[in-house]
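**Q** Assemble chain B onto chain A, guided by the hints.
Going down the list, the protein sequences come from chains A and B. Here the working numbering is used: the first residue of the first sequence is 1, the next is one more, and so on. Here the working numbering is used: the first residue of the second sequence is 1, the next is one more, and so on.
Just so you know, these hints were derived from the structure itself, not from any lab. Where a beta carbon is used, it is the ideal one built from N, C-alpha and C, also for glycine. Among the clues, some could well be false.
[Said to hold, decoys possible] Residues of chain B clear of chain A, computed beta-carbon distances all greater than 10 Å:
id, residue
1, TYR103
2, ILE205
3, ALA216
4, ARG274
5, GLY286
6, PRO304
7, GLN337
8, GLY353
9, THR389
10, ASN423
11, GLN439
12, ARG440
[Said to hold, decoys possible] Rough simulated footprint, nothing fancy, chain B against chain A, three-plus residues with beta-carbon under 8 Å:
id, segment
13, 16-22
14, 53-65
15, 77-90
16, 110-116
17, 142-153
18, 157-163
[Stated by the list, open to error] Listed below are several chain A residues computed to face chain B (Cβ distance under 7 Å; list not exhaustive):
id, residue
19, PRO93
20, ILE134
21, GLU138
2 protein chains.
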Amino acid sequence: MVLIGKRCLSAFCQRVSKMYQPSFVLPEGSKVADVKCKSHRLMMEAGLIRQASPGTFHLLPLAMRALEKLIKVIDTEMQKVGGQKIAMPGMTPSSLWKTSGRYSDYGPELITLQDRHNVDYCLGPTHEEAVTDIVAGEKTLSHKRLPIKLYQITNKFRDEMRPRYGLLRGREFLMKDLYTFDSNLEGAEETYRSVCEAYQRIFSILDLPIVQAVGATGAIGGSSSHEFHLLSEIGEDHVYHCSRCGYAVNQETVEGVPSCRDHLSTPDCTMSLRQGIEVGHAFLLGTKYSKTFKADFFDKDGKPQLAEMGCYGLGVTRILAAAIEVLSSEKEIRWPQIIAPYQVCIVSPKEGGAERSAIHLAEWLYQDVCLHVPHLAADLLLDDRGHMTIGRRVKDAAHVGYPLIVVVGKRALEADPKFEVINTASGSTEYLSKVDLLQRMETITVL
Amino acid sequence: MVLIGKRCLSAFCQRVSKMYQPSFVLPEGSKVADVKCKSHRLMMEAGLIRQASPGTFHLLPLAMRALEKLIKVIDTEMQKVGGQKIAMPGMTPSSLWKTSGRYSDYGPELITLQDRHNVDYCLGPTHEEAVTDIVAGEKTLSHKRLPIKLYQITNKFRDEMRPRYGLLRGREFLMKDLYTFDSNLEGAEETYRSVCEAYQRIFSILDLPIVQAVGATGAIGGSSSHEFHLLSEIGEDHVYHCSRCGYAVNQETVEGVPSCRDHLSTPDCTMSLRQGIEVGHAFLLGTKYSKTFKADFFDKDGKPQLAEMGCYGLGVTRILAAAIEVLSSEKEIRWPQIIAPYQVCIVSPKEGGAERSAIHLAEWLYQDVCLHVPHLAADLLLDDRGHMTIGRRVKDAAHVGYPLIVVVGKRALEADPKFEVINTASGSTEYLSKVDLLQRMETITVL
Numbered sequence: 001m002v003l004i005g006k007r008c009l010s011a012f013c014q015r016v017s018k019m020y021q022p023s024f025v026l027p028e029g030s031k032v033a034d035v036k037c038k039s040h041r042l043m044m045e046a047g048l049i050r051q052a053s054p055g056t057f058h059l060l061p062l063a064m065r066a067l068e069k070l071i072k073v074i075d076t077e078m079q080k081v082g083g084q085k086i087a088m089p090g091m092t093p094s095s096l097w098k099t100s101g102r103y104s105d106y107g108p109e110l111i112t113l114q115d116r117h118n119v120d121y122c123l124g125p126t127h128e129e130a131v132t133d134i135v136a137g138e139k140t141l142s143h144k145r146l147p148i149k150l151y152q153i154t155n156k157f158r159d160e161m162r163p164r165y166g167l168l169r170g171r172e173f174l175m176k177d178l179y180t181f182d183s184n185l186e187g188a189e190e191t192y193r194s195v196c197e198a199y200q201r202i203f204s205i206l207d208l209p210i211v212q213a214v215g216a217t218g219a220i221g222g223s224s225s226h227e228f229h230l231l232s233e234i235g236e237d238h239v240y241h242c243s244r245c246g247y248a249v250n251q252e253t254v255e256g257v258p259s260c261r262d263h264l265s266t267p268d269c270t271m272s273l274r275q276g277i278e279v280g281h282a283f284l285l286g287t288k289y290s291k292t293f294k295a296d297f298f299d300k301d302g303k304p305q306l307a308e309m310g311c312y313g314l315g316v317t318r319i320l321a322a323a324i325e326v327l328s329s330e331k332e333i334r335w336p337q338i339i340a341p342y343q344v345c346i347v348s349p350k351e352g353g354a355e356r357s358a359i360h361l362a363e364w365l366y367q368d369v370c371l372h373v374p375h376l377a378a379d380l381l382l383d384d385r386g387h388m389t390i391g392r393r394v395k396d397a398a399h400v401g402y403p404l405i406v407v408v409g410k411r412a413l414e415a416d417p418k419f420e421v422i423n424t425a426s427g428s429t430e431y432l433s434k435v436d437l438l439q440r441m442e443t444i445t446v447l
Numbered sequence: 001m002v003l004i005g006k007r008c009l010s011a012f013c014q015r016v017s018k019m020y021q022p023s024f025v026l027p028e029g030s031k032v033a034d035v036k037c038k039s040h041r042l043m044m045e046a047g048l049i050r051q052a053s054p055g056t057f058h059l060l061p062l063a064m065r066a067l068e069k070l071i072k073v074i075d076t077e078m079q080k081v082g083g084q085k086i087a088m089p090g091m092t093p094s095s096l097w098k099t100s101g102r103y104s105d106y107g108p109e110l111i112t113l114q115d116r117h118n119v120d121y122c123l124g125p126t127h128e129e130a131v132t133d134i135v136a137g138e139k140t141l142s143h144k145r146l147p148i149k150l151y152q153i154t155n156k157f158r159d160e161m162r163p164r165y166g167l168l169r170g171r172e173f174l175m176k177d178l179y180t181f182d183s184n185l186e187g188a189e190e191t192y193r194s195v196c197e198a199y200q201r202i203f204s205i206l207d208l209p210i211v212q213a214v215g216a217t218g219a220i221g222g223s224s225s226h227e228f229h230l231l232s233e234i235g236e237d238h239v240y241h242c243s244r245c246g247y248a249v250n251q252e253t254v255e256g257v258p259s260c261r262d263h264l265s266t267p268d269c270t271m272s273l274r275q276g277i278e279v280g281h282a283f284l285l286g287t288k289y290s291k292t293f294k295a296d297f298f299d300k301d302g303k304p305q306l307a308e309m310g311c312y313g314l315g316v317t318r319i320l321a322a323a324i325e326v327l328s329s330e331k332e333i334r335w336p337q338i339i340a341p342y343q344v345c346i347v348s349p350k351e352g353g354a355e356r357s358a359i360h361l362a363e364w365l366y367q368d369v370c371l372h373v374p375h376l377a378a379d380l381l382l383d384d385r386g387h388m389t390i391g392r393r394v395k396d397a398a399h400v401g402y403p404l405i406v407v408v409g410k411r412a413l414e415a416d417p418k419f420e421v422i423n424t425a426s427g428s429t430e431y432l433s434k435v436d437l438l439q440r441m442e443t444i445t446v447l
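Bound conformation, chain A alone (with noise of 0.2 Å):
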């Protein structure tokens, strides 16, 4: 307890006055794409983000905090799949390509470069071939040693001809990606069943309502797909979506207007064309990778067998991004509760004004949370830009959106000290004692 104490008095005691958080607009004669794209907006002008290039972005401390919360829920799901984590470099071996077919495939997305010594490199905008080229390596793979599901949560490069959107298309992303090989098809398909669902788990956690749609299997290959969206006008694609019985298919993948009844005999139900922001997606790829770099394993009666395959992604930043999208209002930041940057923002009042004998107390309030709701404080911030009207600094906290604002002013003066507790989720406004406040944020779930 002393420890969170001190932790809190001194460096852990995060203050906005010494937050990074340079606020950028749109620059004048931006395209109109990326100015109708909210997200985009907010981020920038919220200091979440810079861009640094078209396509590629700067990524400031609020984002990172939100981005590393996002990672933990992935990596934690990840896990209880049986996914083990590793990372592949960026700069992959043209060669790897040329032997799959997709260096010519793939077309100008691929960005290509050549090392000091002319050899060919791509930027992996995907790494079917390097991982299965690792798997490939192992010369005596047993198939009591599969089933192998690898992933790895890194930037990856495709070169869009029409960057847009902010990070929801982006041209070097962060990116998660599973590939997972088994030793026979049954075996691939509960794979690919257990994937889907630490997918749906993950999107519950951060309480989004992903839409998992049947997909096209497109350039990557394989026989069957998921793709999972966030429906939103933003989207860039068309999805056939049942909001009764939930039944999804990308437009690509069919021609006409599909029944869901088809699939699930529920009276009822209509499709309606929405679109969606594909921030996942799943493929069975059978053994077209694993053919092409002889990667096999031995079975029960020591004959070699080519392993079953499949890939599996996640659009990190572009989660981050599209959650933004779907959350929020066009002035104010909604986050996932859970992935928010910081949990609770506590705002001092203003030097000068009528309150400012209830300055320390702000800082008090701060180090009782520390020292009594220790998980929370982490997630703790204090608005100490006492030159700021109150008004002004709760303003900027609803802006960001941090969950729960506190407000020290006037009341926290009186006889019966009270405090003002925004909940920005809801919009909510209440009073609460030292001792209820402590106990509502006691309640709050932090990663």
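**A** Frame of chain A, contents of chain B only:
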């Protein structure tokens, strides 16, 4: 407690039989340089890394676990000195490097590419230009907002002429780079001291004997610098070092043998020339970059002033390999205890052997540790490969270097059951009862 128990019984029970840990040997005809590098060979043999191309490596699950722990140590210490975490893209517009003049200075080690619109990019080996451009983007920066300390832990790229020694000299590697902006030279010097102290703390937590040497400023520019070295014959830097007073200087910065007495006045000090692996550096940059990119702020009198900058690097993947290089024997990896991939490896009896009835005891012990020492649950491994002898598996565990190996063997079946406990760091072995073993485990520090 029940939850922890449940976790142990299912997905969180880490079993060696399920771990992806493919052993690789150096290909025939490997360069002498690679063969003589202990850490490179050991990391390949133990299934920690696999080469993807010359100078680029796949980090496999055990290496990733150690790496993520190392990142935690670094994050904590960077945040203690006020560092705020960001992430800048790997793709950096070449125009920024042309502005600073480093595009040509850096030479062929700079990896360059063109996007589909023929715009030039380089893959950042370091990000002075990019970060200064961000700060320069703020047009009304007040002196009150300084110092600004921004760091990232991201992949960096350097096209080494002769990449070698595994993770010690690669072409794509993980680096922590901190950039600081102070309002005057005194502030910058104070920041410099605090970051060097943070570096000392990091190596102290890792229990690595770091040598802080006066360094050359080199191509990066600036007025003063220190390098942080781990002394090793594989090291490619030459450092004059006094083992008595600790004073050290990079050979490049002096003519002839320097005297440490001049600096510290300790009798009996003598400088000897040693080889060092540079794992960190600190540079006081002055206004070289802030001037070029117009990164200024308004001082107390409202006048624009250039920020005094510093930059501070740590080779994260290099620290991992260098630690193994200096701590390991030729045959067995030894880790800084706090970042070992797992703290404890429990070895179960052989199937069909004399102690086979103790197999279930190994599982029970695993679960008991999870229940009674929950902080260790995620750091516990069970070597359940019952088809192998205990001896072979103990050898494997010692090879990977888990700090504690617990053997459930013959004596676990006696009336007064005992477990063989091997401390790989000290080489000592003792037999402990379950109560004593659990007490011992209570004392293990984990991140």
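**Q** Could you tell me which of the numbered hints above are not met by this structure, giving the numbers in increasing order?
**A** As far as the earlier hints go, not one is violated by this structure.
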